[in-house]
Structures are given as structure tokens and as C-alpha cells.
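Novice: These are the residues of each chain, in order.
Number of protein chains: 2
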Amino acid sequence: MPPFDVPEGDPFGPHNLPYGVFSPAGSTDRRVGVRLGDHVLDAGAAAAALGSPYVSVLARPTLNPLLAAGRTAWSDIRRALTAWVTVPSHQDTVAPLLHPLSAVTLHLPFEVADYVDFYASENHARNVGQIFRPDAADSLTPNWKHLPIGYHGRSGTVVVSGTDVVRPSGQRKAPTDPVPLFGPSVRLDIEAEVGFVVGTPSSMGSPVTLSAFRDHVFGLCLLNDWSARDIQAWEYVPLGPFLGKSFATSVSAWITPLDALEDARIAPPARTHPLLPYLDDAEEEPGGYDLRISVAVNGHTISEPPFSTMYWTAAQQLAHMTVNGASLRTGDLYGSGTVSGPTERERGSLLELTWNGTAPLDLPAGKRTFLEDDDEVTLTAWAPGPNGTRVGLGEVRGRITPAS
Amino acid sequence: MPPFDVPEGDPFGPHNLPYGVFSPAGSTDRRVGVRLGDHVLDAGAAAAALGSPYVSVLARPTLNPLLAAGRTAWSDIRRALTAWVTVPSHQDTVAPLLHPLSAVTLHLPFEVADYVDFYASENHARNVGQIFRPDAADSLTPNWKHLPIGYHGRSGTVVVSGTDVVRPSGQRKAPTDPVPLFGPSVRLDIEAEVGFVVGTPSSMGSPVTLSAFRDHVFGLCLLNDWSARDIQAWEYVPLGPFLGKSFATSVSAWITPLDALEDARIAPPARTHPLLPYLDDAEEEPGGYDLRISVAVNGHTISEPPFSTMYWTAAQQLAHMTVNGASLRTGDLYGSGTVSGPTERERGSLLELTWNGTAPLDLPAGKRTFLEDDDEVTLTAWAPGPNGTRVGLGEVRGRITPAS
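If you're matching them up, the sequences are chains G and U in order.
Read in order, the letters of the first sequence correspond to residues 1 to 404 in the working numbering.
Read in order, the letters of the second sequence correspond to residues 1001 to 1404 in the working numbering.
It is possible that some hints are incorrect.
[To be verified] Simulated crosslink set (BS3-like; lysine-lysine; CA at most 30 Å straight-line): (1) G:Lys145 / U:Lys1173; (2) U:Lys1145 / U:Lys1367; (3) G:Lys173 / U:Lys1173; (4) G:Lys367 / G:Lys173.
Calculated from the structure, these hints are not laboratory results.
Here the structure is a predicted model, which is why all the values come from computation and not from measurement.
Just chain G, with the same shape it has in the complex (with noise of 0.2 Å):
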């Protein structure tokens, strides 16, 4: 039966099972989603047909509760779910609530608590050095080999893949102008980056250690954190990024357990830098991720940046955000700041893929130094999955809109 014969090497298959949350055809309804191949599985129907101790976390209308209910019971129900979806037994049950992706609308599957940016590939963060500061002595600030920079972001404009990004206005300043302009950005940009989904919370005044990482983080997802690069210029000194970031940021639908990618686990690069002992990951167990990342615009692949070349590690990042005392919520939602690889075709943005517009790109429509209204961007990956299989993770999806 279809539903349950996902072709061989389907990177949605049940080695996979990432979570997210749907509506029905014709419904508003939503409810907890777990996708098999083309196919959404509702999980709290599945989970009372079947008399699981789990209905009341996954016959939900967001993942929160699912989140918040801690890594035993997400092991339980991964194994529980695998089953349901494998075993021939249990087929006639899941069947009916199998229902096609392409029929379903899919919503935002957590309510996100705060969002916090990193900065933490050494690419990236050498271009954009190179780019800004031409005469600095070393690309890189002073700190960025000793702690993950990162930044507090607006967590109420997280939206869904598939969500359309207004073309934002705001201030912008160009050393030759007099005075700022005010206008639509002409600078808008993409930035390919992992986004980390805290299930587990914890208290204020307790850091969480690197070896905890895995009872807090429940997944992952790709995200799409659009920049505009002119009104971030003009207000960024001394404060950070603001509005030229606030507009919008774009996750996948689907949140895909680390459990699913244990194969995908791998040590990140060689530190350069002596550590603080509360980021020192020599003796931890491998904290990198292996995920091979896609941007496409308008369908037509621009670059491939490469997840395992992330310098600092997502459980880097836990535990200096939490180094200080500040507590984690569930829904907490981290991104790993833009993945750059080492050579061109591997640069996460389009400010490095152009080198800061000087370098247009050559598109089947047309060239590119930044984003045309109606440019769609799509972000895929996968990552190595158990005997040779891939383990693909949601889609980010987002098209631009005139500014309004």
C-alpha cells in the first residue's frame, strides 16, 4: 500500500520522522504531523487508535507540549511512531490517517520563546570581515576564537517556509550620502543556517553544560534569516542588527529530531584556540552535525554550504548562552549564524556569493547582486542517515513581495 512503501532511498522514509504541524484538507484544524515520504501521519489520531500513554503530547495544535516533555518521552515516542509506521500489523490503523502532503496546509510547529543568532562559521565570518573591513589585520574580531557571538532576534516574525517576505523599508546611509534615505531595501539577502529548537527548559541561574545538550535540544531545522544589508549598515554600530533583521525569518515546517541523525554526527574542525573549560568540547562527544545544505533561487542552485565546517557547535553555543545564568524556555529557538564552506559555490549569502554586489551572479533570470521582487528562495538538506540512507530535512521556501 502506497502510504507505507516509501520508495527505497526516500529521504522521508522512516529512518527519518520529523515533526511538524498541519491542517487537514478543508480544515483549520490543527494538529501534530509526522512526515512519511509524501505523506503527513496525524499523530494524535494515531496515538489514540493505538492506545498510546502519549496522545495527550501529540493530540495537540502546536509541538510545545511535545517539546516540553523531555528527552525519555521523545525517545519513547520516536520508537513508538516507528513502529506504527513499519509493523504490517499496525497498518490497517495508520492508513486512513496517512493524509498527502500535498493536501494539508502546514503552519509554524512551535511557539517560539526567544530567538537568538550565532555567528559561527569561520567562512562566513571571514568574508564579512574581508568585505567590511579591508584594512583590518586579522578578518575575525578579537573574540570570535574564544566565545559563539551571537545576538537576541525578534521571535514574534519567525515564520513558516512558504511564507511570502514583504520587501522591507527602512533607513539607509551610504558614506557618500549627506543625509539617510528612506526607502525599500536594495540590499535584501538570504543567510542559510541551521535553526536548533529547545525542548527542555531550565532554570535562571544554572548553566547548562556541554554534555547536557542533548537532554535540552530536542532538533533541528533549516532557516532562512533574510537580512537587509543596507539598513543593517546605517544602524547596526554600536547596538547590533535590528530592524535590517526584524522583518521576518523563515524556518522549515518540519523539525527533524537529533535522534534521527545520530549518523550524521561528527567532530567539528580543529580548534585553533585554547578554550574556557565550559566550552572546551575535546573530550565531549562529537558536537558537529554533518548536513549538506542547497540554496536555490527561482529553482537554480546558487550554493551548497556545508554544515560540518561550523566552527563552534551547537552545544558551544547552549552552553555559553546559558553561561551566565539565563534560562532556557521551551520553544527557545537558536540559529548557527550563516553556513559558509571554504570556497566560492559554498558561501550561505549572497552578500560573500557577490562579494558584496560587486560580483553579480549569472541566473537563468538574469543576474544578481541581491534579491529582485518575485525571486523565490528555497534551502533544502540532508544529512547522512543509518546504512547509506539520507535523512532530508524540511524545506525553507520563501518568495519576496513589493514592499508595500
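Starting from the structure of chain G, add chain U where the hints point.
Specialist: Then chain U, alone, in the frame of chain G:
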């Protein structure tokens, strides 16, 4: 009868009526309360007893439903509350619903959505510029007079007045240190601010104009944006403050509705630079508020920052924050930035008051550059009210406990 008979001149008389959330003595139940003198009125119970149509908004464990109800409801409810606590015929009904303030527990009054902090005092910005960039031609950055600089903070660590603040640990590196050090902050500071609370949300892509300020903002409170200057100094280039601020932000337990502050509205300082149309308030109603703040350490007043000197108004901050299309949510909180007046005794941070630790304050408890463990900081404020009265803002109190 005492509860109704608030003493003449009490800054929490019936002309004020700020909102909070309390638990009665011996209960963990949370209820919306309205402060009257030294008592708290159980607003939901009063609404029920007096047949108010707003019982569903007031008989709740948080202010969020009231915040979301919108300006017309805010005015109606305030009018009703005023009658309940002043019309003699209501006294028998209302008196039993008044709890002595000393007997109740006060809670964080609303669920904070996004938290943004601004940098809107010219005196503060110039002091900081002179301290950190003594050789710069202008103590203000080039953008300062063109836009209200702001950044996002951590909403999950906003705490109510009275909550202890654990001294944060983190990385610091003085220019003379060969490598960063880790340990408890040795430059723990305060920032005396005013926080604005958003009630009515807005849609993505739809900026909120200057004149719509009072349709969206419900009220204000005092806010202490605790800051670890040593952590901040090492981390903040290039993406702004992060761990130097994210460990705690304290707000008062009482939210003063804007409707209680009509007599405190004043014009902001004269603008020295032309403003872009979306920020130009020359033809708008007065956007400033005459709030007289006091900062005390261990009961000793060290400063009296005047909010009337703020260059950027809360209406301008709201217009700026949304001009790129960023949406507002009920419960969004934004801080004014440190309030500093032109004279030494009007500075809102120890950084300024001690000129970065070079001029210690001589307090009864001993000399202070930055905060020591067990120091308790209290912010209080009042504003001119009708007929020569004073409108009190709820205090913000916090004691420093040793690093964990």
C-alpha cells in the same frame, strides 16, 4: 473605611489604579489586581460582583487578555474601576475584595512576548561615548540623531521586582589581559529605564505610525536592565550586547496605564536634526512623559534621572521598530534605554555615575564603583497627576546574590 480612604496625596490614589497580578495570602492562585493605596483590589472578583461585562478579561491569571482587549476596553474598564473604588454605594461590595499589599505575593504581571531595549537618552549616549571612545570627534555615533537605536533582549529572563539577581559569570578580557578570563562579573551595573507594554498587536508588513502609539501601547513600568559591563565589553563587537544583559531584566509589579499619565505628557527636547517623515513628531501630540525617577542603593538615593530629557519618545521607538514591517504582539515590552539627565546626580547607571569606576561613590555602606553582593537596588518614580497630585509608578527592587 480605610481601604477607600486613601490618604490625600497618596501617589497610588484612585487617580492612578495600576494593574498587576497577585496571589492572596496563603494562596498560589493568580489574579489581576489593581493597586489602591496600600491595598490590592481583586479586579476579577469585583467585576463579577458588580456585573461588569469585562469579567472575562479581568478574572484571569495574567494581564495579557486585558492588554489584548484594546483601547476602548482599556478606557471602559478604567472608568468602571474608578467608580468601584470611589462611589460610596459600591463600598460594601468592594471592601472585602481589597487585600493588604503587605499580605499578597506579586507576580510578573504579563507574559513577555518580544523584549527590545533602546538607547534613547542623549546624555547617556554621550557619556558612554566619552567613556569608551574618548578620542572620537563626536561622542554620538553618526546614526544616533537619525534613528532610535535599539536591539532585542531576552524576554525569558524578564523578572518581577523583588526577584534576587544572581551575579552572572562569563568571559571578560581587559586590553592588558593576554587571554580572556572566566569568572563572576566584577563590573555589575544597573540601567534605570522605563518599559512600555504593547497591548494591541499589529500585522506583519504594516508599520505602526506615530499617531497610532496610544492604540497599541497599554502602559508603562519601571525597568532595571542589569548589565555586566566586563562581559559586555568583550562580547559586543560586532553584533551587540548578549550575555552582558541576558541574565536578568527586572520590571515593576505594577503597569501604569497611559490613561493615568495624561497630565505628565510633555514635548520632547528640541530636535537638532531633521527627521525622516515616519519619525517626525513636530505635528504630533506631545510624545514625552515627565517621569521623575530615583535610584537607590541599599536605601540611599544616588541619582534622580529625569525621563523628560529623553531625546526619542516611546511613540518614535514604536514607529521605528515596525517601519520595516515587523509585527507587534500582545505582551511585547520595550525599554527606553538608560535615562540620564544632564547633571552628575541625574545619571541612570553606575558606569556613568562613577565614570567607569574611576570616581567611586561614597555611600553609607562604603565606596562603590559597581555593585557588590547583597547590594539592593530600588528604582522608584512619580509623575504629575491631575490637580497637583502625583502618580506613583511601581518600584523595581532587586538584590544581588553571589555567583552560583
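Novice: Which of the listed hints are not met by the structure?
Specialist: The structure conflicts with hints 2, 3, although it agrees with all the remaining ones.
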